[in-house]
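Chains as they are written, first to last, in my numbering: chain A, 1 to 365; chain B, 1001 to 1399.
In short, the hints are calculated from the structure, not lab data.
Because the structure is a prediction, the values reported are computed rather than measured.
Among the clues, some could well be false.
Some chain A residues near chain B, calculated using beta-carbon distances under 10 Å [as the list claims (entries may be wrong)]: (1) Ala123; (2) Glu124; (3) Ser147; (4) Ala151; (5) Thr194; (6) Ile267; (7) Glu319; (8) Val322; (9) Glu333; (10) Leu349; (11) Gly351; (12) Asp354.
Quick reminder that beta carbons are idealized off the backbone N, C-alpha and C, glycines included.
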Amino acid sequence: MDFNLSEERNLLAETAGRFFARAGGARALIDNKADNDAFWQEASGLGLVEALLPAEAGGLGGTAVDLMLIFELTGKHLISAPFLSTAILGAMPLWLSGAAGNQSLLAGVAAGRTRLALAAAEAEARYDLSQVDTHAERQPDGSFLLSGHKAVVLDGGRADYLLVTAKLAADSPDIAIFAVDTRAQGLRIRSYATIDGFQAADIWLEECTGRLVTDRGGPILEQTEAAGALCVSAQAVGMMEVMKDTTIDYVKTRKQFGRSIGSFQVIQQRLVDMMWEIEQARSAVMLAASRLDSEPDERDRAISAAKSLTGRTGKMVAEEAVQLHGGIAMCWETEIAHYAKRLVMADHLLGDSDYHLQRVMRLSR
Amino acid sequence: MDLNYSPDETAFRDEVRDWLKANLPEHLRAKVIQHKRLSKADHELWHERLRSRGWLCWHWPVEHGGTGWTPVQKHIFEEEMIAAGAPRIIPFGPNMLGPVLIAFGSAAHKSHYLPRIINCEDWWCQGYSEPGAGSDLASLRTRAERQGDHYIVNGQKTWTTLGHHANMMFCLVRTDPQAERPQKGISFLLIDMNSPGIEVRPIVTLDGEHEVNEVWLTDVQVPAENLVGTENEGWTYAKFLLTYERTGIAGVGYSKQLLAQLKSLSRRIKQSGRPLAEDPLFAARVAEVEIDLMAMDIFNLRTVSAAGQGKAPGAESSLLKIKGTQIRQRLSDLLRQAVGPYASPYISEQFDDGYNEPPLGPEGAMTLGRQYFNLRKLSIYGGSNEIQKNIVAKAVLGL
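Just chain B, with the same shape it has in the complex:
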């Protein structure tokens, strides 16, 4: 057993680190660190930088224009990106749809869409959840009926992240309502967001932000060749994609960053004139979550390493999602707690460019209340933690 990176892996880490240092624009880094709003142009600039290095589609095999990295290299890349304060890669094209098309797409899909993802020509969004289909995703009701060369799609999708920026959506639709199980009769369609009959409506979240949307589809015509794989087999592809969604969901890198911020803040914040870090009760709260994170970091590496030996992650990704989101939520909770009264000011303009009023309270304090409420989503989305536990009970415990 050796828990350290090999010399090759260390060299790779240094290469990634050096490249990020030289190529991550300072104004983007500052925005990420200060939790400011990123514009569509900000994301596009960063995607373009990664594209020029060939790292945008880092999940993909070499023959499709990817990196061909080992699972350990992928893990290192993700960690270094977060540690550097890089904007996240908008995952829908590069991390989610790309692998699905590589595995299940037609030759035409691959030759048309994959280069467009690599070259940042399309912005994809995900049409999965519906108002009545959350944890029970397979009960989705958006209907697609085949008419000649087209499908006619009617229904409503929700929680569509950055759908207002997207020009394309991969979408789960019901093509056979009579199938004996809800998982049968679902198909995977690629839909042009500029098609007539599509309306994107913003959802404002409890922190006052607009990131997610409802997408309404009324008699939307989708060319039949936009079907991925076989009709009524879409659930298989959807599940394949969700395993990709879940790998990063443990968020170990994000948690490490939050922990560092928490420690730095608690050294600077004073309670009765003494640093909060010296308060034994608060210090114990921080240490507890730090221990959890140390252990989960190793569990994560065990999973990564097993994947390197060809063992596909199964229920491990569910376990990582549960514990990973608990840790990240707890850290956001302690950050909110640490800044005390200064967690409550809510000045929405501070997240925009050009806001120059002096901050209130300790540095970054005014973003921490919002962050805590925003991160409640972690245990809800990507398959709620309750659903993950059901998966583990069935797949690992055999119950």
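Chain A extracted, bound-state conformation:
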């Protein structure tokens, strides 16, 4: 057993951390200047996108540990660039399906030229990606026409290609995955900011042309979802650590009743609870990373445990950090406010704490 990281990994974390620190963190969100093309280009130039992709996808890493490391840092620095949407949720269905037609798209991703988004969730399904009403009709020439509505697609408004899930027949249990060029006809994209400084879009397809990536996409979608949930959980841990440290610094300096509020036992004990819950969340994320490539039930039990726990703990940490800061945490100008928003809203990505709690209930019977 070894919880230490290899020297290579430490180096990667160091490079990524230094680079992300330059993105401006919460300050960029306060000034509404988060993310831009140049940053994404530079990130891929440094190999940070390749670090999230395995060799078969033209990358140099892509293991669960790589994902955990890098996404903890995107959390810590409040990065808004499309690491999750492009390098994980968009790219995984492409390389997991192994189809030859995907290589040029993947090369574009690794080089930072191409942005992707996974258009899987639907309005009536909430977090259940296996429930798909979008359907695809095969045309005589072998292409497909897709129709349906995809809900709150992360980075959907700035993707070059969408990975769209659809049914080939209404009664089929199989889910097919298509690549759709966002310039295609029949596509309507309503893009908007999210409350935590990301971008998302609702997308309507009306007989929109798509290229079939796989017609047996169910297991691929589940593996992608699991990896995504691991990334979001790691990201949450990164945010929690910053919020805890910031709150500790604040209670040391904030004086009321003639002394620092950190000298009150009631405050100290709440920070101890916070610290310990974060350690629990971190451990759950490590377990999830170690099970990402296990057989599906074992994988999902560990992934859901991590996603449920980081969702629950994240809300507790965000609410406590805001409460212990008091009114100042309610201001747009305060960095902790932007961490609080992104941490709470992380629970709305890829299944919330109760959604994953119920999955653990099913898988632990």
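Position chain B relative to chain A; hints supplied.
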């Protein structure tokens, strides 16, 4: 024991309900229900309607132009206003300053300011908190020095709700920095917001909204007759006012409204094709908070009823504030959770008049993320919940 309203109280409730039905403008109701931004004119229109019925200053005794209602009637009025979707009464003049002036103001204050509040001529704001004086309000440092017929005021106030609409501010200032306790040496001043040396700066909150402000005071001249009560005794009046601030802070009516919205949404939202309301885990989460609310409703009525028998609410209002804000925050949390992914779109323009894009997700969903973050303030303002617990520990438990 009888937990039901008497026939008289029921008749009063029906009277309030009928009046609201006939007099609450539909466009205001719609804005409140849809969580849209209310303009200054919207508030003024609603204040004017209430004024015409004699209900704007419903807290006040009859001899000062109020209603003289019993505590139970006041409770019914508050609940019906919220249930009808009425805009809240901006409390600073009618609910806060009015009772202070009635109790402690000079004859001149009463004859000048009270009619102006009743007739909606002044918009008051509250100058209490400072950057360094939050939970520890008594440590406030805004200084007022007496020079002849005036006080010269210097300092900074913060969290001034709707201060950008106000023409008057009641303000806590330090008049004796040498007093042996910080609570001594504070005075209660009425300040004209149009005085030279006052600057109101907006504070944008984490949900992107502007409701609160900083107020900077530089060599502001305030006539000495604007002092309320006795110099250096302002803390007594400030505390008296805070008990009024805390009565409504339990927000039982708001919580009932949130609970109704939550249940209605969870019947319509589908998870894997089934209504969320049928998800046993989610249903349990809702039921838990519903039980809390049922119980607190009764605790609230016990307090109201005791007040009707002449027992002034003491630490009960602290208990109500703690539990009431916990329940309301939990409901806003479950509402955010209920709409799932659709809690995240943030389209600021949707809260303005004239926004006509179709909504995304279940009805009202796009306002629920913002509401959750906005309502974090409940456990912070009006004396943080930690301070309320200190009050209870001291006053009730004798610790």
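Item to check | Which numbered hints fail | outcome: Checked against the structure, the only hint that fails is number 3, while the rest are satisfied.
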